[in-house]
Amino acid sequence: MQKTRKGLTPGLIAIVGFLTVCPVVMLILGSFSEGLNAFGTFTLSKYVKAYTDPAFAEILVNTAVFTIGSAIVSTVLALFLAYLNTRTNIPFKFMFRIISLIPMMVPHILFAVSWVLLLNPSNGMINLFLRQVFGWEGAALNIYTLQGMILVEGLLDLPIAYLVIAPAMSAFDVSLEESSKVCGASNLRTLVRITLPVLRPAILAAATLVIVRSLASFAVPSVIGMPGRIYVLATHIYRVVATGYVTDYGMAAAVGMSALAASITLIFLYRHLTREGEKYVTVSSRGYRPSVIDLKGARYPLFGIVALLSFVLIVLPVLVLFYTSVVPYSMVPSAKAFAMMSWKHWIAVLKDPVSLLSLKNSLYLGVGGATLGMILSFFVAYVIVKVRTKAAGFLESLSFLSFSFPGIVVGIGFMWFFVQTPLYATIWALLIGYIATYLPYGIRPLTSAFVQIHSNLEESSRVCGGGPFYTMRRIVIPLLIPGIVSGWILMATMFVRELSLSVVLSRPGTEVLAVQILRFAEDGLWGRLSALGILMIFISTTLVIIASRIGAKLTKVDK
Amino acid sequence: MKKLIIFVVLVLFAAPCVFAAGTDAKGSAGQALAEKAKAEGKVTFYANITSVEPILEDFGKRYGVKAEYTRLSTTKFIATIMTEHAAGKLTADVLQAPMPVLEFLMEKGVLASYTSPAAAGYPKWANKDGKIQSFGIEYAALIYNKELVKPADVPKKYEDLADPKWKGKIVMADPSSHPTTISWLIGLKENVIKSEAEWMKFLKGLAANKPMFVASFGPTPAPIESGEKLIGISMPKYIITKAPAPLDWAKVSQPMMGTPRGMAITAGAPHPNAARLFVDYWLSEDAMKIMAEKVGEYVLAPGIYPPIAGIDKAKVIPIRELSDDEIKKWGGEFKKIFAAP
Chain E
303 MQKTRKGLTP
313 GLIAIVGFLT
323 VCPVVMLILG
333 SFSEGLNAFG
343 TFTLSKYVKA
353 YTDPAFAEIL
363 VNTAVFTIGS
373 AIVSTVLALF
383 LAYLNTRTNI
393 PFKFMFRIIS
403 LIPMMVPHIL
413 FAVSWVLLLN
423 PSNGMINLFL
433 RQVFGWEGAA
443 LNIYTLQGMI
453 LVEGLLDLPI
463 AYLVIAPAMS
473 AFDVSLEESS
483 KVCGASNLRT
493 LVRITLPVLR
503 PAILAAATLV
513 IVRSLASFAV
523 PSVIGMPGRI
533 YVLATHIYRV
543 VATGYVTDYG
553 MAAAVGMSAL
563 AASITLIFLY
573 RHLTREGEKY
583 VTVSSRGYRP
593 SVIDLKGARY
603 PLFGIVALLS
613 FVLIVLPVLV
623 LFYTSVVPYS
633 MVPSAKAFAM
643 MSWKHWIAVL
653 KDPVSLLSLK
663 NSLYLGVGGA
673 TLGMILSFFV
683 AYVIVKVRTK
693 AAGFLESLSF
703 LSFSFPGIVV
713 GIGFMWFFVQ
723 TPLYATIWAL
733 LIGYIATYLP
743 YGIRPLTSAF
753 VQIHSNLEES
763 SRVCGGGPFY
773 TMRRIVIPLL
783 IPGIVSGWIL
793 MATMFVRELS
803 LSVVLSRPGT
813 EVLAVQILRF
823 AEDGLWGRLS
833 ALGILMIFIS
843 TTLVIIASRI
853 GAKLTKVDK
Chain Y
5 MKKLIIFVVL
15 VLFAAPCVFA
25 AGTDAKGSAG
35 QALAEKAKAE
45 GKVTFYANIT
55 SVEPILEDFG
65 KRYGVKAEYT
75 RLSTTKFIAT
85 IMTEHAAGKL
95 TADVLQAPMP
105 VLEFLMEKGV
115 LASYTSPAAA
125 GYPKWANKDG
135 KIQSFGIEYA
145 ALIYNKELVK
155 PADVPKKYED
165 LADPKWKGKI
175 VMADPSSHPT
185 TISWLIGLKE
195 NVIKSEAEWM
205 KFLKGLAANK
215 PMFVASFGPT
225 PAPIESGEKL
235 IGISMPKYII
245 TKAPAPLDWA
255 KVSQPMMGTP
265 RGMAITAGAP
275 HPNAARLFVD
285 YWLSEDAMKI
295 MAEKVGEYVL
305 APGIYPPIAG
315 IDKAKVIPIR
325 ELSDDEIKKW
335 GGEFKKIFAA
345 P
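Residue numbers (this note's numbering), protein chains in the order written: chain E, 303 to 861; chain Y, 5 to 345.
For the record, the hints were derived by calculation from the structure and aren't laboratory data.
Just so we're clear, the structure is a prediction, and the values are computed from it rather than from any experiment.
Treat the hints with care, since some could be wrong.
[What the hints assert, rightly or not] Result set (PhoX-like, lysine-lysine): computed pairs, CA atoms no more than 20 Å apart in a straight line: (1) E:K351 - Y:K298; (2) Y:K340 - E:K351; (3) Y:K205 - Y:K160; (4) E:K351 - Y:K339; (5) E:K653 - Y:K332; (6) E:K351 - Y:K332; (7) Y:K208 - Y:K160; (8) Y:K298 - E:K653; (9) Y:K298 - E:K646; (10) Y:K150 - E:K638; (11) Y:K332 - Y:K171; (12) Y:K169 - Y:K112; (13) Y:K340 - Y:K193; (14) Y:K332 - Y:K193.
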C-alpha cells in the first residue's frame, strides 16, 4: 500500500489543485489588477480601499458573531439529534434523517423568506398570534436581528453538521462506553467524559464546515440582515459590487481574501486540534457495534422536543411554501386568502419550458456531479487521514479553497477561468465548478468516518494476502458506507439547489433550478418561486431516499 | 409550400407594422434583411428584463429566427460581457441594459452603430451616438397597499413620505448601494424639489421614518402586498405583474422619474442581420405593446402606455445618467444620512 499511497498524494494534489486553484488564482490576479478583468496592470489600490473602510471593523465583529453563533446552533442540534437517533431507543427514528436533511433541500432564500413571514415585527404570523392570544404589545419577536440571523442560518446548516457527526456517532467502539459504565459512571457522565471527547474530530469538522459555509452564505444576510441593517462580510461585498453599474469584482475579491484567510486558519486549527489521529480510532479489529441506550421515562419528552424541532424545521417552512404557491400574491392568511387560492402558479411553472429544462439539468448535475465528486473525495479523504504528511495537509487546505470564498465572488473566479477554456458556457463547466467548490461536502463526512477506522483492519487483510484494491473494496469501503452516503447526499442536494456558480455560468440550454428560482425572486414572483421550490424539494427527497436505501442495503452485512 | 406560408405570414404581419410605425422595415429592404436574418438562423440576446418571452416567441414565429435570451443580473452584466469580450468569446448579438451600462460598453468599443428605422417616432434624447437606442424608462414611484392606506392618506407629493405618520411603514431598496434608488433620490434634487435644503430636509425626514432596506427593487412589493409595510419606493409595473395584489401608485403632482433602458448591437455580432431585424422588431409598435401591456413597462413608442390608471397622463422623465463615481459618492452620503438615529 505504501507505494500506491506515495503516488496518490501528488496525483490528487494535481487534480484538486487544478480544480480549486485556477479560479482562486484568477481572483487573486483580479484583486491586484487595474480595471475589471483578471489581467491588468498591478495595483494595490483595491486592497487599500477595501481594508481602510471605517465600517469594516463592525462588519468583522458581526461576521464573527454570526458565523460562530450559527456553528454552535447547528453543531449542538446535530449532536443532539445524531445521539438520539443512533444511540437510543427513541421512537420514530425515520424522522431524524428527514429533519436533518430538509433544510439542505429548501432553497435558502425561500427558507429565509418563510421565517420573515413568521417572525417579522410588523405582521409576522407568530407575532400576530402572540399579540392576539397573550395581548403582547408591539413586536414580541423580531427576526431582523443578529439572533434571528443566527437562528435561521444555524437551522439551514444543520444538515451539514448532522451528516458529518451522524456517521461518526454510528461507527463508535462501544467498549469505551462500557468500560466507563463498568467503572460506575452514569449515562450522562459517560456521554460527557467519553462519547463527546472521542467525537472531537467530527464535532470540530462539523463546526468548521458550518463556519466556512455561513461565511459564504448570502441568503440569510441579505433577506434578514439587510432589513435589520446588520451587515456581514457577504452583504458588505454585495454593497461593494452593487453600488454603481461598473461592478469591480477585483475589489470584491480583495474583500473576499479575508474570508479565505479565515478559512485556511480554521483548517490549520482543526488539523492541530485533531493531530493525534490514533486517539480517535474507535473501529478497530476488536468488537464494534454501537449499543442502544434505554431512555426509559425520558423517551417521550425527548421525542416531544424532536417533534417540535421537526415542526419548526419542516412543517412550518414547507407549509408556508405551499401556501405561498397557491395564493395569488404575498398575503397574511385570512378568509380572503383562502377564497383566492388557485393552481395558477403551478400551471405557469409546469408550462414554462425553461423551468422544465432546469429541472432536468439540475437532476443530471445532482446525480452525476455527486457521484464523480464522491469518487474524488474518497481518495482525497484517504490521503488526508491515512497518509497525514505535510503534503496531505496541503491537500486538505486546497480542497477548501473555492469553498471558502463568498459565493458572489467565486462564481466570477470560475467565469474568468472557464472563459479561457473551451468548456465555457457548457454544462461541463457547471459540473466541474460544482465539484471543485463543494469538495469539502464529500471529504468532511468521509474523513470523520475514516479517522475512526484502525489501520489494523487493513493490515490484517494485507497479511492474509489481500491486495490494496481488494482491501479497499472488502474492508475499507463497507465500513465507510455511512460516510459515503452522507457525502453523496450533501453533494447531490447541494448541486440541485446550487446558485452562486450557476448564476454566472448557466446559459440558454444549461439553465438550472436555482437560477430559475432567482429570476422569479428578482421579479418578485413568489408564487412561482414557491411552486418550483417544492418541485426542487421533491427531487432532492427522492435522491435522498434512494441513496439511503442503497446505503442501508450495503451496511446490512455487519449487523 | 412551407416557404409560401411563411412568406404569407410575413407579409400579413409586416404590413400593419409598416403602416403603423410608418418607418418599419421598408418594403423590399426590410424583406431582404428578414431573409438574411433567416439564413443566420438565430439571434442571441443578453439582457435583464422580466417576462419578455412573448416578444421573443412572436419574433420567432414571424421571421423564423430563434431569439435566445441570456439573462444577466445588473451586478454581473458588465463583468460578464467584458470577460467574454476580452477572451474573444462574446456571443451576444443584441444587448439590453440600463443606459449607464451601455454607455460604459460603448466607451470600451463593444457596441456597433445602428439606427433602427423603427425608432423614428421616438424622442430625440433616446438615441445616443447612433449606437444606443432607449426604448423605455424603468420608472419608479411611491407604491402603496390600497386596502390598508386610506385614500386621504395617500401622498400627494414625494415629500409627504417624510411625514412621521409613515414611521416604520416604508420599504425601499438600500440607498447606500442600489444604483437606481440612488439615482432616483438625486433625480428628486435635480428635477423635483426646489432647493437643496428642502431636499435634505426630505431625506432626513425619510431617514427618521426608519424605512426597511432590501437589496433591490425586486423584493420591494412583497412586504407592501402582505401588509408588513404600507408604502415603498418601488416600480408601478408591479401593479401589472403582481395583479391581483392590492398595489397602487401615489399619483403625485410631480413628474415620475426613472433610468432609461437602452439596447444596442455588439460590434462583433455573430448574427448581424438577425440582430438588426431583432432591434427593428423590438422597437416596433407591436412589440412595445406587448411590453407595456404584459409587463407594465413604460415605453417610448408614441401613444403606447401600460394599462395602469393615470399613467398616460403622468409625466415620466429620464434621470440624468450618473457616473459610477457619483453613485458611489452619493451612496456613501446616503449611508451616513440614513444611519443617523
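Broken hints, numbered, in rising order?
Structure breaks hints 1, 5, 11 and 12.
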